[in-house]
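Guided by the hints, dock chains B and C with the ligand onto chain A, whose structure is given.
Here are the chains, one letter per residue:
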Amino acid sequence: MALSYDDVIAKYEPVLGLEVHVELNTESKMFCSCSTTFGGEPNTQTCPVCLALPGALPVVNAKAIESTIKIGLALNCQIAPHSRFARKNYFYPDMPKNFQISQYDEPICFDGFVDVEIETDEGPKQFRIEIERVHMEEDTGKSLHVGGATGRIHGAEYSLLDYNRAGIPLVEIVTKIVPGTGKYAPEVAKAYVAELRDILRGLKVSDVKMEQGSLRCDANVSLRLIGSDVLGTRSETKNVNSLRSVERAIRGEMIRHAELLNDGKKVKQETRHFQEDTGLTRSGRSKEQAEDYRYFPEPDLVPVAPAAAWIEELRAQQPERPSLRRKRLKEQWAVPDKEMAAMINADALDIVEETVLLGADPTKARTWWLGEISRIANEKELALTELSITPKDVAAIVALVAAGELTDKLARQVVDGVIAGEGTPSEVVAKRGIKVVNDDGALMAAIEKVCAEQAETADKVRNGHVPAAGALIGAVMKETKGQADAARVRELLLGHLGQASN
Amino acid sequence: MIKNTAAQMSASLAKGEITSVELTKLHLDRIADVDPKVKAFLHVDGESALNQAAAVDADRASGKKLGPLAGIPLALKDVLAQQGVPTTAGSKILQGWKPPYDSTVVAKLKAAGVVILGKTNMDEFAMGSSTENSGYGPTFNPWDLTRTPGGSSGGSAAAVSAFEAPLAIGSDTGGSIRQPAALTGIVGVRPTYGAVSRYGLIAYSSSLDQAGPFGRTVLDTAMLHEVIAGHDPRDATSINAPVPAVVAAAKSGDVKGLKIGVIKQLQGDGYQSGVQARFNESLEILASLGAEIVQVDCPSFEYALAAYYLIAPSECSSNLARFDAMRYGLRTGESDGASAESVMNSTREAGFGREVKRRIILGTYALSSGYYDAYYGSAQKIRTLIIEDYKKAFTQADVLVSPTSPITAFKIGEKSEDPIAMYLADVATIPVNLAGICGMSLPAGLAEEDNLPVGFQIMAPAMQDQRLYQVGAALEAALVSKWGGHLISKAPALGGAK
Amino acid sequence: MSSLSRDEVAKLAALARIEMSEAELVNLSSQFGSILDAVARVQELNLEGVKATSHPQPMENIFREDVVQPSLTPDQALSGAPAQEEQRFRVPQILGEAE
Ligand SMILES: [Zn+2]
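Residue numbers (full-length UniProt numbering), protein chains in the order written: chain A, 1 to 502; chain B, 1 to 498; chain C, 1 to 99.
Chain A on its own, in the form it takes in the complex (with noise of 0.2 Å):
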């Protein structure tokens, strides 16, 4: 029977477990020194190590240890003394050495916490998610399913496989069961795993690419009835690729266990994959007969024991908290709810900010980055941080601006220069003989001139009408090419027409 949510909401509590895989932005791989770039042909990074050649052994990668530990101390995590990378076992192609590197019952970092926050209908709620573990491990190679239905593995006559992708370091980031959510429990996972890609951002451990699947979430869900303390049976649902996603797919596997159980029938402990163009989720490998990934310590690598000096310092290297860092910048920068939303959205905080220190005021250059510097990103297709423009060519902008060197609609010239690569803004400006009209004798010609022309119009103007002004005015600006303050040329105008200027 199709229930909707309030319905599974009123009955059931839901109970979460967030695991986020996430791929580290290391120059080279995990065990390996092939190159991590994203896209290259395939099988050209790919070595002994990374193929499971007969004889290869793994080294790990120094910065990947670092890394996580960073992570784990972003994460409130403690960091284990001693930790060891154990092997898992079990058959796939995609993995060349039929066993992963990963750790087991000696992670490096556990025990931490994340705080969130979103919008209850009683204001806004903080929500604490546990974490049990922080551990490290390695991403598998790359399947393309040749034959029957498109690149589906079902139906598939044969597979390629390309193992560029083999032996990225991977840190697996797992919550302890998250209970108390209720009919939140789809936005408190959002909201954390939003929190995560912050706080990774933030310590430039990771692209945090969602779509890229250097972010990824696995979301297990089950039901209790409310007031039981009896935990359901979970689902485990993957492929889930965008925080959207990780909201619908929770709520959308809340009202399959819902609708299972109000008809009598069992959840089924299971792999679940989230398909983005139905919202629903579709049944993956039983985990009935569970495998029996047979972990032992892995004898080819020896423990980490990350000496205590070593994680005072990185702990003291410790960025600004995201959330502390968003609400302080809302605040010294007094910047309206929506438009901090939209800043968060368009990704443009660290911009912003740099632009900010670089001596800019905090309300222009969020107009710059979000508005004409935007437009262009979105027709290039690009993010603003691969556009050419730099927060230190805004900064000069604005304060070119602000020393009247520049109207506001020359400095948009300014910006497509520099974005088409044609040097600094004062580069720009000197190739472009861009300049403002600041001689009143030139102007007050120009005035002249259009009022003559617009003779019918200046009448107007003259007779009080105000705002017919604005064409005169524009017709002013056009004759001085653009390069007049147009505030200088309104004021001069309604002098003329013998109008009070304000």
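You may find that some hints are simply not true.
No farther apart than 27 Å at their CA atoms in a straight line, the calculated lysine-lysine pairs in the DSS-like style are these [as the list claims (entries may be wrong)]:
#1 K108/B <-> K251/B
#2 K11/C <-> K92/B
#3 K380/A <-> K125/A
#4 K411/B <-> K37/B
#5 K209/A <-> K392/A
#6 K108/B <-> K64/B
#7 K431/A <-> K364/A
#8 K431/A <-> K338/A
#9 K51/C <-> K88/A
#10 K142/A <-> K88/A
#11 K51/C <-> K391/B
#12 K264/B <-> K51/C
#13 K478/A <-> K460/A
#14 K11/A <-> K204/A
#15 K51/C <-> K268/A
#16 K268/A <-> K11/A
#17 K11/C <-> K88/A
#18 K380/A <-> K364/A
#19 K25/B <-> K65/B
#20 K338/A <-> K209/A
#21 K391/B <-> K37/B
#22 K51/C <-> K392/B
#23 K142/A <-> K65/B
#24 K338/A <-> K392/A
In case anyone wonders, no lab produced these hints; they're calculated from the structure.
Just chains B and C with the ligand now, with coordinates in the frame of chain A:
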């Protein structure tokens, strides 16, 4: 010339009495002559060997400074990857595979100018003590062609013993260098775990495997040891410390004042009388040279074999998972509509031999949930006890000794149907592997009852490998003078013409 | 006397991805009794409080710097491939889902 020691060959090359090409040809001739009987080699690449030899000769002619083993031929156990040369680890599953890279040991041999003659036979994936488990048929003991040369490095040991090469590389996971050295009357050393890089050594049991040298004398073995040892950043378990001065130790050979500990648990019941007799005789010689013989007790050694046959199969069950017909090696069962899974199943069935499958299944069992603690977990604890026994024993003695193998070379087929009997062949060598320390076997004479070689095992603490050579050289010198020549000179001629 | 039934051997063989004939299963099952008896000796001692040794040398913190080194060429990488297509390893259809 081929019956000379590597040290003598090195001197002849240096003096210009012979070229490396000539020396290599002599060995290739010998291989052509006797290997059809011995079957030490799986692959001989004469052309490549002669090219390497010619390159060394050219370097020598141009006055380039060369290492002592430059231009000396060597037999390489097929467990080590050599770029472009078939490397199978004795398994059908790797038939025809040519690695696109060199193992570190091979890279070091090449850098030293050592001439690699070819790849030698072995028990499949080094699992065995007789070389009968090779996917390509057994190797025969040059002392008696109806017997095994031991294993798993039986091909390398037989090659050196049959004068097909003066030196060879083996690998030793539970005794696979020392036991065949004992059974073929030559010297073999298993270096300290981590002393020789495992990069490119096809893994059987990662925490126990170690490559090492074979030679006909203690000094030759030391010279090869020095070439292959040393820190390697590509092996995370490689020890970052200077290589012990093994050549100097082999040249000094003095035991005066040294304490030599006889391990109570590694003698007596199950040890052939001729083996025990030669062992005791060697002890008397060492005593007469001024060493002090003491008895030491290592009670947990009784459990070493059991621990080994859990740890090694467990690690191998995981190490051998990569042989899955996807990226390299054999692929069978690829009929229409066959899945990757069924191709893996059928390839592993067809490609692995009986013993390998037995150990994979045993290891899979020992690691599986519900059994891990009882089997693998307990074995790792026994390992700790064995390490502690050694630690204590090494406070009482500088080196420890035992017979290398409880028995002399056994008949082909004699134990191949009885895995437990075969496992017992390693009873005296396994504790060294579990503790990660070093051990040597050198010839102690012939057992009276069967006229077959007996090995004397010396064990030293980790990174004290020079002690093996110091004691080994002293004992060797005394025995050689007693016998009027090296034991190997008593080996049958094999009908070889040269 | 330890033992491992034919079905248990079959389960292990499936985990280890080795196809086995009925005869092999039965044969291995009959051999495993004595093998398990031999290895089960590790349980004879009281091992409470004994640390497990997984690495024979006491080493820690062996890392490499995060520096890219040249990879194999695709030709080298694929040189041993039983089948290849479009510079990728070609394998038969995969039945199970990825992890
Ligand atoms: Zn690689």
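Taking the hints in turn, this is what the structure says about them:
no., hint, result
1, K108/B <-> K251/B, "23 Å, holds"
2, K11/C <-> K92/B, "24 Å, holds"
3, K380/A <-> K125/A, "39 Å, violated"
4, K411/B <-> K37/B, "15 Å, holds"
5, K209/A <-> K392/A, "26 Å, holds"
6, K108/B <-> K64/B, "18 Å, holds"
7, K431/A <-> K364/A, "25 Å, holds"
8, K431/A <-> K338/A, "38 Å, violated"
9, K51/C <-> K88/A, "22 Å, holds"
10, K142/A <-> K88/A, "19 Å, holds"
11, K51/C <-> K391/B, "15 Å, holds"
12, K264/B <-> K51/C, "25 Å, holds"
13, K478/A <-> K460/A, "21 Å, holds"
14, K11/A <-> K204/A, "43 Å, violated"
15, K51/C <-> K268/A, "40 Å, violated"
16, K268/A <-> K11/A, "20 Å, holds"
17, K11/C <-> K88/A, "18 Å, holds"
18, K380/A <-> K364/A, "23 Å, holds"
19, K25/B <-> K65/B, "23 Å, holds"
20, K338/A <-> K209/A, "24 Å, holds"
21, K391/B <-> K37/B, "44 Å, violated"
22, K51/C <-> K392/B, "17 Å, holds"
23, K142/A <-> K65/B, "49 Å, violated"
24, K338/A <-> K392/A, "26 Å, holds"
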